[in-house]
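Asks: Construct all of the structure, not just a fragment, from the sequences and the given hints.
Residue numbers (my numbering): 1 to 415.
Wrong hints could be hidden among the right ones.
Computed spacing ranges between beta-carbons, pair by pair [to be verified]:
| no. | residue 1 | residue 2 | range |
| --- | --- | --- | --- |
| 1 | Arg394 | Lys14 | 37 to 47 Å |
| 2 | Leu209 | Ala106 | 30 to 40 Å |
| 3 | His52 | Pro305 | 20 to 30 Å |
Treat the hints as calculated values from the structure; they're not laboratory data. From the three backbone atoms N, C-alpha and C, an ideal C-beta is built for every residue, glycine too.
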Amino acid sequence: MRQPCQDKAVSDWKEARRFFARLGWISFGGPAGQIAILREELVERRRWMTPHEFSAGLNFSMLLPGPEAHQLVIYAGWKLHGLRGAIAAGALFVLPALLLVWLAAALYAAYGQLPAVQTLFGTVRPAVLAIILAALVRMARHHLDGPRAWLLAGAAFAAIYFFQVPFPWIVLAAVGLGAAKHLTAPPAPAATPATPRPPVPWRTLGLGLLAWFAPVVLAGLVFGWDSLLASLGFFFSKVAVVTFGGAYAVLPYVADHAVNQAGWLSSAAMKDGLALAETLPGPLVKVLSFAGFFAGWNNPAPLSPWIMAALGAFLASWVTFVPSFLFILAGGPFVELLAENPRARMILDTITAAVIGVIATLAAWFATGVFGPDQPSVLHAVIAGVSLWLLVGRQWSIPSVVGLAAAAGLLRAVW
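Replies: Spelled out as C-alpha cells, the structure:
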C-alpha cells in the first residue's frame with residue numbers, strides 16, 4: 001500500500017470506514033456539494049490527502065463516464081487503503097442512497113397515484129425544473145467560454161431535441177471533435193512524468209468486467225436473453241459508459257428508451273423519480289435505480305411485482321455503480337499521467353460543451369410535465385421562478401428548495 005506524504009495525517013482503517021459510512025448519509029447537494037464536503041474533510045480537516053492528490057483524483061474522475069463524486073470517493077479510499085479502501089468507500093457512500101431510493105420507489109408504487117400525492121409531486125416538479133435550469137446556468141458560466149463551445153452546446157441540443165440523435169452518438173462525436181482539435185492545436189511542451197509508466201492492470205480489468213456482467217449473464221441464463229432483466233442489464237451497462245455530465249445529461253436518453261421505446265414506466269413517474277432523487281443523499285444517477293424498480297413493477301412476469309421490482313432496481317443499480325469501481329481501480333495508477341494530459345483535457349472540454357446542450361434538452365423535456373395543458377401554469381411558473389431565484393440568487397441548497405416546494409404541495413393537498 002502507498003505510504004502517506006509526510007505532511008498528511010495517517011488514516012486509520014476503522015476511522016476511514018466510519019467517515020465514508022457517515023458521508024453516505026449526509027451527501028446532499030449533488031456532485032458540487034459532495035465534492036466540496038470531500039475536500040473539506042479529506043484535505044482541510046483530516047489531512048488524509050494533499051491538495052495535489054485531491055485535484056488529480058478529481059480531474060481523473062471528470063474524465064470518466066459515471067458519477068464523478070462517487071468515483072472520487074472510490075479514488076480517495078484507494079489512495080488511503082488500497083483495494084479494500086476503494087471497495088469500502090465506494091460501497092458505503094452509495095448504499096444509503098440506494099436504500100432510500102428503493103424505499104421511496106416502493107412507497108411511490110403503493111401510494112403514488114393517490115390524488116394528494118399527485119398534488120404534492122405536481123408542486124415539487126417546478127422546483128426540480130428550477131434545479132435543472134440552475135445547473136445549466138452554472139455549467140454554462142464555467143464551461144462555455146467561447147463561440148466554439150456555445151456552438152457545440154447548441155448543436156448537441158438541436159441534434160437530440162429536433163433530430164432525436166441518440167446520446168451515445170453525441171458523446172462519440174464530441175470525443176472525435178475534441179481529438180481533432182487537439183491535433184490541430186499548437187503543440188504543448190511535453191510534461192515529464194514523475195514516475196515510470198505503470199503496467200496495465202489486466203487482472204483488475206478482468207475481475208472488474210466479470211463482476212460487472214455476472215448478474216446480467218445470470219439474468220439472461222435464468223430468464224432468457226430477451227427477458228426484462230437481461231434487457232435492463234444490457235441497457236444500463238451501455239448507459240454507464242456514456243454518462244458524461246451525470247444524471248442530468250443521460251436522463252433524456254434513459255427517459256426516451258424507458259418511457260417511449262420500452263414502456264417500462266410513465267413519463268410522469270420518471271419525472272417524479274428525479275424529484276425524489278433530488279431530495280435524497282448520494283449521487284443523482286441513483287434515479288436509474290428508480291427506473292429499474294418500475295420496469296420490474298410494471299412488467300412482473302413471471303414473478304410477483306415486488307420481487308421483479310426489487311430485481312430490476314438491484315440490476316440497474318449494480319451495472320450503474322460497479323463500473324465506477326472498475327474505472328478507478330484500473331486507472332488509479334495512471335492518474336498522474338492522465339490528469340494533466342492535454343489531449344484528455346481537450347476531449348473533456350468538448351464533451352462538457354456537448355453535455356450542456358444535452359442538459360438543455362432535459363430541461364425542455366421536464367418542462368412539458370410542468371406546464372402541460374392540465375397543469376396550473378401560473379402557479380407552477382411562480383414556483384419555478386422563486387426556486388430558481390433562491391438557488392442562483394440566494395444560494396439556497398437543493399434540499400431546502402425542494403423542501404419548501406413540498407411544504408407548498410402539502411398545503412395544496414390539505415386545502
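Asks: Any hints this thing doesn't respect? Which numbers, in order?
Replies: Going through the list in order, the structure violates hint 3 alone and respects the others.
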